[in-house]
Amino acid sequence: MPLDAFPAPRRLTRRQALAWSAAALGAPALAHAQGPGAADRPLRVILPLSAGSGADGAIRAIQASLSKALGQPVVIENLPGAGGITGTTQLVRAPKDGSVIGVVSNNHVVNPHVYPSAPFDAIEDITPITVIGATPFVLVAHPSVQARNARELIALAKAKPGVLNYGSSGNGTILHLGAAMFVDQAQLDIKHIPYRGMGPLMNDILGGQVQLGVVAVAPAAAHIKSGSLRALGVTTAARVPSLPGVPTLAEQGLPRYELEGWIAAVAPAGVPPADVARLYHGFKAALAMPEARDALVAQGYEIKLTPPDASAAFFRSELARMGQVVKSASVKMD
Numbered sequence: 007m008p009l010d011a012f013p014a015p016r017r018l019t020r021r022q023a024l025a026w027s028a029a030a031l032g033a034p035a036l037a038h039a040q041g042p043g044a045a046d047r048p049l050r051v052i053l054p055l056s057a058g059s060g061a062d063g064a065i066r067a068i069q070a071s072l073s074k075a076l077g078q079p080v081v082i083e084n085l086p087g088a089g090g091i092t093g094t095t096q097l098v099r100a101p102k103d104g105s106v107i108g109v110v111s112n113n114h115v116v117n118p119h120v121y122p123s124a125p126f127d128a129i130e131d132i133t134p135i136t137v138i139g140a141t142p143f144v145l146v147a148h149p150s151v152q153a154r155n156a157r158e159l160i161a162l163a164k165a166k167p168g169v170l171n172y173g174s175s176g177n178g179t180i181l182h183l184g185a186a187m188f189v190d191q192a193q194l195d196i197k198h199i200p201y202r203g204m205g206p207l208m209n210d211i212l213g214g215q216v217q218l219g220v221v222a223v224a225p226a227a228a229h230i231k232s233g234s235l236r237a238l239g240v241t242t243a244a245r246v247p248s249l250p251g252v253p254t255l256a257e258q259g260l261p262r263y264e265l266e267g268w269i270a271a272v273a274p275a276g277v278p279p280a281d282v283a284r285l286y287h288g289f290k291a292a293l294a295m296p297e298a299r300d301a302l303v304a305q306g307y308e309i310k311l312t313p314p315d316a317s318a319a320f321f322r323s324e325l326a327r328m329g330q331v332v333k334s335a336s337v338k339m340d
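Numbering (the numbering used here), first residue to last: 7 to 340.
It should be emphasised that the hints constitute simulated quantities derived from the structure, not laboratory data. Among the hints, erroneous ones may be present.
Here are the simulated lysine-lysine pairs, DSBU-like style, with alpha carbons at most 35 Å apart [claimed, not checked]: (1) 290 / 231; (2) 231 / 197; (3) 197 / 166; (4) 166 / 290.
Pairwise CB distance ranges, derived in the manner of DEER restraints [as the list claims (entries may be wrong)]: (5) 99 / 213: 21 to 31 Å; (6) 205 / 231: 16 to 26 Å; (7) 259 / 83: 40 to 50 Å.
Quick reminder that beta carbons are idealized off the backbone N, C-alpha and C, glycines included.
Build the full structure now, drawing on both the sequences and the hints.
Given below as structure tokens:
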């Protein structure tokens, strides 16, 4: 469901209203809201993804501006593993004083459905701060595949069941679900080949070792322009400005298909509302700075910055939606 479906709530409790009012004084007051000496402590940002991932690049692009907005150092710590579970486990066990936050992606709401024994609750054990932004995906093919768009690919796959294959960045990842959604909704027989990350996946699609994949638009755009990859359809509800000639999958016979990759800032459960508000306004002030905003947009992100309550509603909705996708597409850990 689009993020725009979750507007900021109109009514707040008295406690929330006081917290938001304090934070709304602006970026210069953010450091003082933490208490004496707190501005000298670094804000620890746990990233449960590997260095070089899309989320890693995005948060590092705004790191300096976020530090400036909050009036404190910002230290990013990559803790990858188990689709994000390793780092998120550390996050939910962190102090509940606003000194530690995490930046998570779609995998946070996918994992409960593919890792049922995860040692935390994806909703109850976090406090959403803001959905920072979202980026579109695109279904791509190696040029050897005899299809110029998704309609032709569907026809080809139905004529040759079990012959085609698609790669992903790993079992249960959002790129796996993106392709599995396509296969499920088009009722195709296409083999899945999981890789260990986006880099190896892209290398093998470019090399023709795997035929298809759903990947982020930004890293694929240059390859699409050069002709080394063929764009068959974008995954978002509307066409992507950087690929105006590529129709959406919804336009090509899959009206229920809609997916984008989002990143969000979260804190452990139990962080006081005043700290949550301070952090939200820190992100808001940081992304009002041209250098941070432009850097994020250059990486293919549309800036969202939904407030905490709307972000919490979005997390709940996405958890339910991804559960339906995992069940319908029969996504399982091999």
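- Message: Can you confirm whether the C-alpha distance between residue 166 and residue 290 stays at or below 35 Å?
- Response: Roughly 50 Å separates the two Cα atoms, so the pair is violated.
- For the pair residue 259 and residue 83, does the Cβ-Cβ distance stay inside 40 to 50 Å? holds (44 Å)
- Pairwise hint evaluation, residue 166 against residue 197, where the allowed Cα distance is 35 Å at most: holds (12 Å)
- Message: Assuming the hint says 16 to 26 Å, is it satisfied by the Cβ distance from residue 205 to residue 231 or not?
- Response: Given a distance of about 20 Å, which is inside 16 to 26 Å, the answer is holds.
- Task: Below or equal to 35 Å on CA atoms is what counts here, so check residue 231 against residue 197.
- Result: Roughly 27 Å separates the two Cα atoms, so the pair holds.
- Message: Quick check: does the Cβ-Cβ distance between residue 99 and residue 213 fall within 21 to 31 Å?
- Response: Violated, since residue 99 and residue 213 (Cβ atoms, about 41 Å apart) do not stay within the stated range.
- Message: With the threshold set at 35 Å, check whether the alpha-carbon distance from residue 290 to residue 231 stays at or below it.
- Response: holds (34 Å)
In summary, the structure is inconsistent with hints 4 and 5 from the numbered list given earlier, while agreeing with the others.
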